[in-house]
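Asker: The residues making up each chain are set out below.
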Amino acid sequence: MPDHGDQLGVDLNELYRTAHYLSAVHTDFEQAVRDVNDAQPPGDSGPWTAMVPIWDSLRSVIAGMLSGNAATIEDTSLALTVIAQRYAATDQAAATRFASLMQSDQSEQGW
Amino acid sequence: MTVAFADDLMQLATKIEDTVVWMARAQWQMQQNHTPSSSGYAPDFYMDSDLVRKYFGITDAFRPWSLLPDPAAFQPVTDSLLQAMGMLRVDAEFGNPVDPSDQFGMARQEFQALVNTDPINNWSGATADGFRTKFLDHFKANTENEVIMIAVLKAAAEAQRAVWFNARNDVTTIGQKTLAALQNDGCDQSSWVMAFSILAGIASIAAVPLTGGASLAGLSVTAIGAVGSIATNAIPYANGTDSMSYSGSSLQGAITAMKSAMAGLQQRVESGQVAIDLSLTANLVFLETEMGSLFQMAKPTLASGPDFTPGR
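Residue numbers (my numbering), protein chains in the order written: chain U, 3 to 113; chain D, 213 to 524.
Simulated from the structure, these hints should not be mistaken for lab results.
Bear in mind the structure is a predicted one, so any value in this text is a computation, not a measurement.
Every residue gets a Cβ at the ideal spot worked out from N, C-alpha and C, and that includes glycine.
Take these hints with a grain of salt, some might be off.
What the hints assert, rightly or not - Some chain D residues well away from chain U (every beta-carbon gap over 10 angstroms; in silico): (1) T226; (2) W240; (3) M242; (4) D260; (5) D282; (6) T290; (7) D303; (8) G307; (9) R320; (10) E358; (11) N381; (12) S403; (13) T468; (14) L496; (15) T521.
Said to hold, decoys possible - Below 25 angstroms or equal to it, Euclidean Cα-Cα: the simulated SDA-like pairs (lysine to any residue) are: (16) K346/D x H28/U; (17) K346/D x P49/U; (18) K266/D x P49/U; (19) K352/D x A72/U; (20) K511/D x D77/U; (21) K511/D x E16/U.
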């Protein structure tokens with residue numbers, strides 16, 4: 003039996019929290035992409051190839067992988083937020099409870 | 213840093229060259245005076261310092277080595293990669309399997325909460341279950357695998373740094389031993405051993421020793437372990453002492469020994485590059501092959517509706 007009313011509000015807040023976590027993690031992945039892109043090896047010096055060229059190929063595949071995951075995480079966070087909002091729109095009591103829980107998360111956790 | 217090394221090396225080269233010029237002239241004069249000498253035949257051009265410099269080409273031989281890349285320039289590279297590793301580390305128990313001594317940060321609290329709990333505990337239905345099993349359950353393993361790949365990249369940068377660091381030391385040693393051999397001219401000590409440090413120096417890091425302990429979702433651990441052995445096999449002297457003996461009992465002999473030691477060093481730099489290249493190639497192939505299964509997060513299908521149901 004699906005929840006409704008007050009309990010649905012609690013469930014929706016769970017989605018909101020998950021979306022919030024994902025959004026924070028998205029930020030971290032984006033930062034990791036920047037860090038990997040910042041890792042620029044020194045250029046060649048005279049006859050010496052300072053870093054084997056394939057290093058940069060691997061670096062850019064890794065950056066692309068992290069960036070792809072960042073996008074997936076962001077999309078997922080948004081999808082969960084939308085789901086929570088859609089459910090809330092169907093149940094006034096749930097929406098009220100959800101809004102109050104969201105507010106206390108925001109004030110207690112500093113979100 | 214680079215300038216200091218280049219200057220120091222070229223000063224050493226000049227010192228060797230000046231010694232050779234002085235010795236060549238002395239030998240020629242002894243020959244003119246019919247003084248008995250063990251130094252061998254001194255051709256007439258030995259009296260002309262310009263010709264001696266040109267003939268032996270000592271500073272020319274050292275010049276490319278003075279351009280060896282600066283190992284210190286690799287520090288920002290490894291620092292950035294270590295920072296990226298820390299951003300994505302969700303478990304304090306998780307260390308860098310490539311280099312267990314690495315100290316790096318931890319992901320923030322929200323990240324840890326996401327992977328270490330079931331954040332949608334109150335939801336059921338096929339979509340919610342799919343989200344849990346296909347996305348959330350893999351989140352930690354995917355992320356740790358990604359951290360391992362960044363660690364591989366970092367290890368390769370460290371190996372590359374070691375190549376240049378050791379090449380700088382080795383070429384300096386070659387110069388010093390050449391000078392010592394010249395100064396011992398006529399004595400029995402003019403043979404010398406050059407212990408090359410390059411390949412032994414990179415063995416531990418170029419090998420990318422990902423073995424059974426790595427967290428690669430328990431799946432292709434063996435595959436990534438094999439990557440390590442490819443690189444180790446590519447380093448011929450990785451596990452032993454890599455040295456060559458040179459003897460130069462005459463001026464000619466000492467400089468010939470110096471140049472063949474340089475050629476030996478050149479070969480070892482190239483072997484080091486090949487070892488790093490092989491390891492990276494194998495890792496790149498591995499990453500691209502296993503991208504979908506071990507690294508990339510599956511985009512969950514999410515839609516509100518009967519399949520994504522509040523309550524369990």
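Asker: For each hint, tell me whether it holds in the structure or not.
Answerer: The hints, checked one at a time:
no.: 1; hint: T226; result: 18 angstroms, holds
no.: 2; hint: W240; result: 35 angstroms, holds
no.: 3; hint: M242; result: 39 angstroms, holds
no.: 4; hint: D260; result: 30 angstroms, holds
no.: 5; hint: D282; result: 7 angstroms, violated
no.: 6; hint: T290; result: 8 angstroms, violated
no.: 7; hint: D303; result: 14 angstroms, holds
no.: 8; hint: G307; result: 18 angstroms, holds
no.: 9; hint: R320; result: 6 angstroms, violated
no.: 10; hint: E358; result: 6 angstroms, violated
no.: 11; hint: N381; result: 15 angstroms, holds
no.: 12; hint: S403; result: 30 angstroms, holds
no.: 13; hint: T468; result: 22 angstroms, holds
no.: 14; hint: L496; result: 5 angstroms, violated
no.: 15; hint: T521; result: 5 angstroms, violated
no.: 16; hint: K346/D x H28/U; result: 18 angstroms, holds
no.: 17; hint: K346/D x P49/U; result: 50 angstroms, violated
no.: 18; hint: K266/D x P49/U; result: 22 angstroms, holds
no.: 19; hint: K352/D x A72/U; result: 14 angstroms, holds
no.: 20; hint: K511/D x D77/U; result: 8 angstroms, holds
no.: 21; hint: K511/D x E16/U; result: 20 angstroms, holds
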